[in-house]
Amino acid sequence: MRPLDIAYMWDLAPVIAGYIPLTLFMAIVAMVAALALAAILAIIRVLKLPVIDRLVAVFISFFRGTPLLVQLFLFYYGAPQMLSFLTSINGVTATILGLTLHFSAYMAESIRGAILGVDRSQWEAAQSIGMTQGQLLRRVILPQAAQTAAPTLMNYFIDMIKGTSLAFTLGVTEMMGAAQKEAAGSFLYLEAFLVVALFYWVIVEALSVGQRRMEAHLGKAVAR
Amino acid sequence: MSCEIEISGLIKTFGDNTVLNGIDLCLTPGERVAIIGPSGTGKSTLLRCLNFLDRPDAGRITLGDLTVDAARADKPEILALRRRTGFVFQNYALFANMTARQNIMEGLTTVRGWTPEKARARADEILGQIGLGDRGDSYPSGMSGGQQQRVGIGRAMALDAELMLFDEPTSALDPEWVGEVLDLIRKIADGRQTMLIVTHEMQFAREIADRVIFMEGGRIVEQGPPSQIFGNAQDDRTRAFLRRVG
Chain A
42 MRPLDIAYMW DLAPVIAGYI PLTLFMAIVA MVAALALAAI LAIIRVLKLP
92 VIDRLVAVFI SFFRGTPLLV QLFLFYYGAP QMLSFLTSIN GVTATILGLT
142 LHFSAYMAES IRGAILGVDR SQWEAAQSIG MTQGQLLRRV ILPQAAQTAA
192 PTLMNYFIDM IKGTSLAFTL GVTEMMGAAQ KEAAGSFLYL EAFLVVALFY
242 WVIVEALSVG QRRMEAHLGK AVAR
Chain B
14 MSCEIEISGL IKTFGDNTVL NGIDLCLTPG ERVAIIGPSG TGKSTLLRCL
64 NFLDRPDAGR ITLGDLTVDA ARADKPEILA LRRRTGFVFQ NYALFANMTA
114 RQNIMEGLTT VRGWTPEKAR ARADEILGQI GLGDRGDSYP SGMSGGQQQR
164 VGIGRAMALD AELMLFDEPT SALDPEWVGE VLDLIRKIAD GRQTMLIVTH
214 EMQFAREIAD RVIFMEGGRI VEQGPPSQIF GNAQDDRTRA FLRRVG
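From first to last, the protein sequence lines are chains A and B.
Going by the working numbering, the first sequence runs without a break in its numbering and finishes at 265.
Going by the working numbering, the second sequence runs without a break in its numbering and finishes at 259.
In case anyone wonders, no lab produced these hints; they're calculated from the structure.
Don't take every hint at face value.
Claimed, not checked - In silico negatives: residues of chain A with every beta carbon more than 10 angstroms from chain B:
hint : residue
1    : Ala74
2    : Val92
3    : Pro121
4    : Thr134
5    : Tyr147
6    : Met172
7    : Val250
Said to hold, decoys possible - Label-pair distances were calculated between CB atoms; the ranges are:
hint : chain 1 : residue 1 : chain 2 : residue 2 : range
8    : B       : Glu19     : A       : Arg161    : 27 to 33 angstroms
9    : A       : Gly59     : B       : Ala134    : 54 to 60 angstroms
10   : A       : Ser162    : B       : Asp249    : 33 to 39 angstroms
11   : B       : Gln241    : A       : Arg161    : 55 to 61 angstroms
12   : B       : Asp37     : A       : Leu96     : 45 to 51 angstroms
13   : A       : Ser162    : B       : Ser21     : 28 to 34 angstroms
14   : A       : Ser162    : B       : His213    : 15 to 21 angstroms
Said to hold, decoys possible - Pulled from the structure, derived: some chain B residues nowhere near chain A, Cβ distances all over 10 angstroms:
hint : residue
15   : Ala93
16   : Trp127
17   : Ala169
18   : Ser184
Virtual Cβ for every residue (Gly too), placed ideally from N, Cα, C.
In isolation and in its complexed conformation, chain A is listed as follows (with noise of 0.2 angstroms):
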């Protein structure tokens, strides 16, 4: 057993911490772009659109029932040898896409069943007002399942930054790309990953400090 090079992982910190910026960017990206693709999913299942809703159905299976990994080898590797227009697509992008596609899949059965949850009166009571359906889902039914949704949709934004890693299979140089290479150089792969880790684990951290907080301040405005 040999103790841990601290003074490596000193040097090698600020290193790494200069990719956080690139592991938030693919993260804050793909989350506005899958709770946006989410929504309109999540409406199209609640509202049982024909024909469409049983393409959504299909797309959500798809998307839960197949591993994040393998998607993003499908975008970055797989497709461009059929679509010409995507030989151009970089890791990055490759992973954006990706993380929105399968993560919104998840997020459009959360915000399903938030809406679901509404209760039944107070579609009814915005009907008997006049609203319109699009009226009625922005005003009164989104709101409210929002706040039912946001815990879960939190815990998904977690899980994306964390799935941001693996951005590194496709080339791109982040935090764990950055890792990879330097312990390639000294040997020293487990104080590199120790350090990324720690810098995950930290992020994470905040966030949930930052999501407790905004709990706690919803229940504050809409005590039940």
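Given chain A's structure and the hints, the job is docking chain B onto it.
Using the frame of chain A, we list chain B on its own:
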């Protein structure tokens, strides 16, 4: 006097169960009509059909210059009908994500396209009328049942509806809150608002209604002025019902 609101041949079935079996009704302007009868006889369904919360299978609803044929009604017609009828729910059904004031404003801003300033002014006026001038910023979860139902009534008032529909507005309330809600409805009735009210409060019906309708089995069995229905009912079923609720 001519009908302001005319309902003819209204039929509603749920599966094999015919809940409304051909309802004909004419309300003159400013008329206040109470509907009484045993549970499960279609009283609430009638109100819900008038607002298309339940879609009638057949029949016609005329509201001023708007005639909606149940079998053929399209979305714009249904929305137009709903915008001209206020509906008060038994369980209040306030928008949980909005304050009392926002509940009242919502129909004005989102549905009628008023500016927020104008809608806010009108909502504050209504809050005063329903005796909640100081509770505009409260969320439904922080209000008593009586206060919530008064906001529910305020939300319907904001539509300036030609017809107000009250679906057992006090049935879900604790006894201590019933009085304040009935007082508010009485105030609206005094303003000669055309209204249909389904209620189990016989004394109240006798007091505010120009006409009382007794329904059973999806039909109107008997109707007339309160003095006649409560004092000298002609039909055995009406008399039996009134004896039971006593």
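Evaluation of the provided hints:
Every CB of chain B is more than 10 angstroms from the CB of Ala74(A) (nearest about 25 angstroms), matching its label as outside the interface. No Cβ of chain B approaches the Cβ of Val92(A) within 10 angstroms, the least distance being about 20 angstroms, so the stated non-interface status holds. Every CB of chain B is more than 10 angstroms from the CB of Pro121(A) (nearest about 45 angstroms), matching its label as outside the interface. Taking the minimum C-beta to C-beta distance to chain B, about 36 angstroms, the non-interface status of Thr134(A) holds against the 10 angstroms cut.
Separation of Tyr147(A) from chain B is adequate, the least Cβ-Cβ distance of about 24 angstroms exceeding the 10 angstroms criterion. Not every CB of chain B lies more than 10 angstroms from the CB of Met172(A), the least distance being 6 angstroms, so the non-interface label is violated. For Val250(A), the requirement that its beta carbon stay farther than 10 angstroms from each beta carbon of chain B is met, with the minimum near 26 angstroms. Checked against the hint of 27 to 33 angstroms, the C-beta distance between Glu19(B) and Arg161(A) comes to roughly 30 angstroms, which is consistent with it.
For the pair Gly59(A) and Ala134(B), the beta carbons lie near 55 angstroms from each other, so the given range of 54 to 60 angstroms is met. Remark: the range hint 33 to 39 angstroms for Ser162(A) to Asp249(B) is upheld by a beta-carbon distance near 37 angstroms. Evaluation of the 55 to 61 angstroms hint for Gln241(B) and Arg161(A) yields a failure: the beta carbon distance comes to about 38 angstroms. Here the CB-CB span from Asp37(B) to Leu96(A) is close to 47 angstroms, well matched to the stated 45 to 51 angstroms.
A beta carbon spacing of about 29 angstroms between Ser162(A) and Ser21(B) agrees with the range 28 to 34 angstroms that was offered as a hint. One distance hint, 15 to 21 angstroms for the beta-carbon pair Ser162(A) and His213(B), holds here, with the actual separation near 20 angstroms. Separation of Ala93(B) from chain A is inadequate, the least Cβ-Cβ distance of about 8 angstroms not exceeding the 10 angstroms criterion. With a least beta-carbon separation of about 13 angstroms from chain A, Trp127(B) lies farther than 10 angstroms from that chain, consistent with its non-interface assignment.
Against chain A, the non-interface label of Ala169(B) is violated: not every CB pair exceeds 10 angstroms, the least being about 8 angstroms. The claim that Ser184(B) lies off the interface holds: its Cβ sits roughly 14 angstroms from the closest Cβ of chain A, which is beyond the 10 angstroms cut-off.
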